[in-house]
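**Q** Spelled out from the first residue to the last, the chains are:
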Amino acid sequence: MTVEEIRGGDNEIDRFPIGMRVLAVDDNPTCLKLLDGLLRKCQYQVTTTNQAIKALNMLRENRNRFDLVISDVYMPDMDGFKLLELVGLEMDLPVIMLSGNGDRNLVMKGITHGACDYLVKPVRLEEIRNIWQHVIRRKVESKSKNNREKSDQGIEGGDQNEKLNRKRKDEDEEEENGNESDDPTAKKKPRVVWSIDLHRKFVAAINQLGIEKAVPKRILDLMNVDGLTRENVASHLQKYRLYLKRISHQANMVVAFGGNNDASSYMRMSPLDGLADFRTLSCSGRLPNATYAPAGMLGRLNSATGVALHSLTAPPLVQPNHTQTKLQPGPVVSSNHQNMNLFQGIPPFELDQLQYSNKPNTHLTDYNSIEESQIFTGTNLADFNSINEPRMFRGSSTFTDPISVLASQAGVKLTSTGTESLNLLSTTSGFLDQNGNQPPSFPSNLLPVGESYSYPAAVNGGFSSNITTTAAVPVEAHGGGLVGHIVQNVNQSLSNQKGGPCSKQDYSQYSQNAFTTLASSALADYGGSSGPVSHSRPNGVGSTLVQTEHTKLQSGFVSSNGYGSLDDIIPGMLKREQNTTMQMNGEFGYDAYMVPGRVYGDESK
Amino acid sequence: MDAVSQLQRQFVEHATSLYREGYLDDQFTQLQKLQDESNPDFVVEVVTLFFEDSEKLLNNLATALQQESIDYKQVDAHVHQFKGSSSSIGAQRVKNVCVVFRNYCDEKNLDGCLVCLQQAKNEYLLVRNKLEALLNLEQQILQAGGSVPMIT
Numbered sequence: 001m002t003v004e005e006i007r008g009g010d011n012e013i014d015r016f017p018i019g020m021r022v023l024a025v026d027d028n029p030t031c032l033k034l035l036d037g038l039l040r041k042c043q044y045q046v047t048t049t050n051q052a053i054k055a056l057n058m059l060r061e062n063r064n065r066f067d068l069v070i071s072d073v074y075m076p077d078m079d080g081f082k083l084l085e086l087v088g089l090e091m092d093l094p095v096i097m098l099s100g101n102g103d104r105n106l107v108m109k110g111i112t113h114g115a116c117d118y119l120v121k122p123v124r125l126e127e128i129r130n131i132w133q134h135v136i137r138r139k140v141e142s143k144s145k146n147n148r149e150k151s152d153q154g155i156e157g158g159d160q161n162e163k164l165n166r167k168r169k170d171e172d173e174e175e176e177n178g179n180e181s182d183d184p185t186a187k188k189k190p191r192v193v194w195s196i197d198l199h200r201k202f203v204a205a206i207n208q209l210g211i212e213k214a215v216p217k218r219i220l221d222l223m224n225v226d227g228l229t230r231e232n233v234a235s236h237l238q239k240y241r242l243y244l245k246r247i248s249h250q251a252n253m254v255v256a257f258g259g260n261n262d263a264s265s266y267m268r269m270s271p272l273d274g275l276a277d278f279r280t281l282s283c284s285g286r287l288p289n290a291t292y293a294p295a296g297m298l299g300r301l302n303s304a305t306g307v308a309l310h311s312l313t314a315p316p317l318v319q320p321n322h323t324q325t326k327l328q329p330g331p332v333v334s335s336n337h338q339n340m341n342l343f344q345g346i347p348p349f350e351l352d353q354l355q356y357s358n359k360p361n362t363h364l365t366d367y368n369s370i371e372e373s374q375i376f377t378g379t380n381l382a383d384f385n386s387i388n389e390p391r392m393f394r395g396s397s398t399f400t401d402p403i404s405v406l407a408s409q410a411g412v413k414l415t416s417t418g419t420e421s422l423n424l425l426s427t428t429s430g431f432l433d434q435n436g437n438q439p440p441s442f443p444s445n446l447l448p449v450g451e452s453y454s455y456p457a458a459v460n461g462g463f464s465s466n467i468t469t470t471a472a473v474p475v476e477a478h479g480g481g482l483v484g485h486i487v488q489n490v491n492q493s494l495s496n497q498k499g500g501p502c503s504k505q506d507y508s509q510y511s512q513n514a515f516t517t518l519a520s521s522a523l524a525d526y527g528g529s530s531g532p533v534s535h536s537r538p539n540g541v542g543s544t545l546v547q548t549e550h551t552k553l554q555s556g557f558v559s560s561n562g563y564g565s566l567d568d569i570i571p572g573m574l575k576r577e578q579n580t581t582m583q584m585n586g587e588f589g590y591d592a593y594m595v596p597g598r599v600y601g602d603e604s605k
Numbered sequence: 606m607d608a609v610s611q612l613q614r615q616f617v618e619h620a621t622s623l624y625r626e627g628y629l630d631d632q633f634t635q636l637q638k639l640q641d642e643s644n645p646d647f648v649v650e651v652v653t654l655f656f657e658d659s660e661k662l663l664n665n666l667a668t669a670l671q672q673e674s675i676d677y678k679q680v681d682a683h684v685h686q687f688k689g690s691s692s693s694i695g696a697q698r699v700k701n702v703c704v705v706f707r708n709y710c711d712e713k714n715l716d717g718c719l720v721c722l723q724q725a726k727n728e729y730l731l732v733r734n735k736l737e738a739l740l741n742l743e744q745q746i747l748q749a750g751g752s753v754p755m756i757t
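Protein sequences appear in the order of chains A and B.
So the first sequence is numbered by this note's numbering: it starts at 1 and just counts up by one.
So the second sequence is numbered by this note's numbering: it starts at 606 and just counts up by one.
Heads up, some of the hints might be wrong.
Restricting the straight-line Cα-Cα distance to at most 20 Å, the calculated cross-link-like pairs of lysine to aspartate or glutamate (EDC-like) are [claimed, not checked]:
# : chain 1 : residue 1 : chain 2 : residue 2
1 : B       : Lys638    : A       : Asp27
2 : A       : Lys143    : A       : Asp77
3 : B       : Lys661    : A       : Asp103
4 : B       : Lys661    : A       : Asp77
5 : B       : Lys678    : A       : Asp103
FYI, nobody ran anything at the bench for these hints, they're computed from the structure.
Just so we're clear, the structure is a prediction, and the values are computed from it rather than from any experiment.
This is chain A alone, in the form it adopts within the complex (with noise of 0.2 Å):
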């Protein structure tokens, strides 16, 4: 059943979910047997099969065959969750998980690898009768999405809205864009929404074409989604590039810093193997003290994504030790976990396999998974990339509430994050949009999310002041602004860099780290690794990809500079940003949020 039937008219709604097709998969032959009975007696329209391989294939040929896909857990030739990452990263279809194990865990790793329900066996009819929503909901997602930007952007969303009018007609995957985007994306974005979706279709064509080889003409067409530009991938190519040389840089830096398994597991990273070109792209040597070279993209981006880029990367830097060192000792601690877990959140595949590994909170990676997704939604900061400046600061003043708030609550908050910045996200996805008006509850979200937090006040600081000064730079993609806001509180914070105004800075890593987190995800598919990508099936996280250079080229600048004074940083930045507007690459154009001639220096202590 398409879009169209679903939407069609009545009879075609009232007659769904009848004749709705799922693909049901189960090693074990009488639970999908059973499957196949229930499925049936629901009117449902059922393939079955008992081998992975053999569903992916199906769904490979033709994503249009299926409605919906129900999985168990445990099979033999694959493993359940990344058959789900699969299906959520190539076909955005909604997949339903089946175990005869209902341990809180794993129905927490269902979620974070994206999955729409999980289902304990035995399966009850009930259940089973309910399933059709999870497919009408993204439906009808899509399209009340679609019709709100309509209504809400305008001229500036004109583009955004055709596109997304576009999807809503084509493929699911498409509308399962428009979701993604969150109100804010959608409100004031004129340029490509980089949903979850859609950057999990970019990864997965880059994979396929060899990194080497990912020119954006073939991504483009391997990607095959209407309305996309060869520009917009392009763009988006180098941004992730920069994620990716992110990404190795802390994993150095990790070593470097001799953070605990942090560093064993940025070198695990690090695999982004082939990526080591990228590195060449991230302004390696940009920022003064960058030993990270991501540290110049940072200066691009905005300041305040920098910031939360650098935190970003720091998180495995940040190791609870750098506590002491950077940041106040206290929050710093807490921010190091928060880092961490942001970290996580950030290259769902590659930090999760970081995190996983070297994190002995688990649960802390799996919000970072959740995050991300959250970070998605929110990426309103992605528009950063598309815009301009002016647009960033915008909801500046009301940061500052949450920023206070996110101190407060920055050491607690921090791990408990995932969840929390994920909110943060989708607020300051809010902000951007209504220019501040977001709820303070923004500033808990970022906190977890800002593995900036971690990163040394300095950082934050630094950019802090630089984007708070700006006031008048318009934080693109009202992420913008409120990286703006935070940074200026975070400014404030850093002045007293140990301390109170760490979890201000943490809230700008924060924003930053939104990117990263969209990076991460964009990274994490990239690495293969079966993070979280799926994650942003479920949520309608409208991660942009714009957000996740940010984050990215933040990350890297952050880690650098979380140890750094934030005295280096900020002028090292200040000069980036005056001088180019897009030192990384002209990507990003966040250059804007450091305005010109404004010593940032001085703000910090």
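Starting from the structure of chain A, add chain B where the hints point.
**A** Chain B alone, transformed into the frame defined by chain A:
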């Protein structure tokens, strides 16, 4: 008809005792609900699959536990499957043995595993006989033109 009602009564008695004695649980009732005109032989099909599947699993388990060096992960995988299929059709006692069996696997307790394997086999054979009898009665009722009573 007398023959039909007699068969039906027997069917009810047999089914009720199976539930009462814990050989079957509510899941079996669920299975019966799924049988209808569009899927008339559903219960027989599922149960037959269960029998085939179980026998294979039991053999695999016996083999796995006879190895020089036992791969408990593999053993656990089999038991997990067995547990899944038995719970899907409502073979409660078999499923319960599987639960205990898995614990022994986790502990890598060979003796415990062997005992469980034996129990699983016994329970499986018992429930198989009873299900066969039940389905037989069902078949007879239908052939005699009657309808199969629902057991709640």
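**Q** Under the constraints set out in the numbered hints, which ones does this structure not fulfil?
**A** Numbers 1, 2 and 3 - these are the hints that the structure violates, sorted from lowest upward.
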